[in-house]
Amino acid sequence: MYIAQEAPGAPAEHAEYNVLGVPLAEVIVGLIAFGVLLFVLTKFVFPRMESMFQQRVEAIEGGLVKAEKAQAEAAALLSQYKAQLAEARTEAARIRDEARADAEGIRADVLGKAREESDRIIAAGREQLAGERASIVRELRGEMGALAVSLAGKIVGESLEDEARRRGTVERALADLESAGAR
Amino acid sequence: MITQPGFLASEFPPGVDVFDYKSLIPSLEDSMWGGAFTKLSLLVWMAVAIVIIFFLVTYRNPTLVPTKKQWLAESVYGVVRNNIATDIIGPQGVRFAPYLATIFCFVFVTNLWSIVPFAQISPNSHLAFPVVLAVLTWFVYIGLGIKKHGVLGYLKHSTVQPGVPWWVHPILVPIEFLSNLILRPITLAVRLFANMFAGHMILLVFTLGGVALWNAGPLLLKPAAFGSWAFAIVMTLFELFILSLQAYVFTLLSATYFQSSIADEH
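From first to last, the protein sequence lines are chains F and S. The numbering of the first sequence is our numbering, which starts it at 239 and goes up by one. The numbering of the second sequence is our numbering, which starts it at 1046 and goes up by one.
Careful, some of the hints might be misleading.
Keeping only pairs whose Cα atoms sit at most 20 Å apart, straight-line, the calculated SDA-like set for lysine to any residue is [stated by the list, open to error]: (1) Lys281/F to Glu1119/S; (2) Lys1067/S to Tyr255/F; (3) Lys281/F to Lys1067/S; (4) Lys1114/S to Ala308/F; (5) Lys1193/S to Arg1140/S; (6) Lys1067/S to Gly406/F; (7) Lys281/F to Pro1058/S; (8) Lys1067/S to Leu262/F; (9) Lys1113/S to Arg371/F; (10) Lys1084/S to Pro261/F; (11) Lys320/F to Ala308/F; (12) Lys1114/S to Ser289/F; (13) Lys1113/S to Arg294/F; (14) Lys281/F to Val1102/S.
Some chain F residues flagged as far from chain S (calculated, every beta-carbon gap over 10 Å) [what the hints assert, rightly or not]: (15) Glu299; (16) Glu336; (17) Gly380; (18) Gly406.
Everything labelled a hint here was simulated from the structure, so no lab data went into it. Even for Gly, the Cβ is constructed at its ideal location relative to N, Cα and C.
All chains, full assembly: derive it from the sequences and hints.
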């Protein structure tokens, strides 16, 4: 447009302008300029964009794979924990059972011991009683004979004492008494 | 433009001569190399520099989680890669994505000059630049076809339509040959060139028309100048739409041609 103001100044200087002309100089300029642009962009810019697109695709796909892996890991951990929990449960049950059995054993033990002790005490008491009884019987036997004889002597007369000794009447009477007492 | 109306008032309506840019190096003006140093060539170089700097700066330290700038650079490439290359050519289209993305960026930024203040002309309004791109695409898709089917196989692949009665072939084969192998690069180049050329013309008509109305004399016409300028602004926005669309279409058609070359069937 700036040229427009020059045009009237020098119209005859040039041949008629050919709108459809293709001057070689412009073709060369166009070729070189476009060639330079094509070279620079194809060599330095677009391949880097392609590799960036590729990296982006890989990053997204890699993220998906990573997420999947994390999920699988979590699932594995969960099942592991569940197994551990079940194991702990059975362990606890086992310990409880054992403790119960132990308690049972201890109780039986204590009971047995107590019974034994009581038996022992009872037996000892019985023994003591029997001993005491025997000694009492022995004492009584001696005293009763003498008492009965002296009593009878007092009643019947002194002569009976010798005869009774001779015939063992007192012993027999005592034996009868004893057997009757034992019965 | 609007701030310096007297500057441009001399020329209305604008002719094709407004596209005749002089060499920025006066001594080369009359040699054949003058065209290599015009404002348009400068804009082409600037576009290339801007695109390269944009990508190198935004993609200097790429990270897995992109920054805003990195995301912007990636979406430019990503749109061409996924929505053009892969959608049209299929999974193997990814290997054409760098070429297609470069085409898209180059066409888009050079087109964008048509509405950038002080540039206000797209290099693509000179046929030579679209021709370069179209011929490159043409070479690529012919090369792909020959590599895939062989010379004769590709010739048959691109000219003989299956499922057509035999007596139609004498008419259809020359038409297919012409449209698939000869006219494609021409239509590709001319479509882009004509759009940018016409867009520039339309903007000139409305801005210079406003100037002409302002300078016309009768006081009654002066408000009309503002209407004309307002419409120039509307057309600038429209031009933004067109230039984006053309960059997209150029890339899309290139991808379609590549696909037709490497397809097994029609």
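For each hint, the structure was consulted:
no.	hint	result
1	Lys281/F to Glu1119/S	holds (16 Å)
2	Lys1067/S to Tyr255/F	holds (11 Å)
3	Lys281/F to Lys1067/S	violated (35 Å)
4	Lys1114/S to Ala308/F	violated (35 Å)
5	Lys1193/S to Arg1140/S	holds (15 Å)
6	Lys1067/S to Gly406/F	violated (185 Å)
7	Lys281/F to Pro1058/S	violated (47 Å)
8	Lys1067/S to Leu262/F	holds (15 Å)
9	Lys1113/S to Arg371/F	violated (122 Å)
10	Lys1084/S to Pro261/F	holds (15 Å)
11	Lys320/F to Ala308/F	holds (18 Å)
12	Lys1114/S to Ser289/F	holds (18 Å)
13	Lys1113/S to Arg294/F	holds (16 Å)
14	Lys281/F to Val1102/S	holds (15 Å)
15	Glu299	holds (13 Å)
16	Glu336	holds (61 Å)
17	Gly380	holds (125 Å)
18	Gly406	holds (134 Å)
Hint compliance for this structure: hints 3, 4, 6, 7, 9 are broken, all remaining hints hold.
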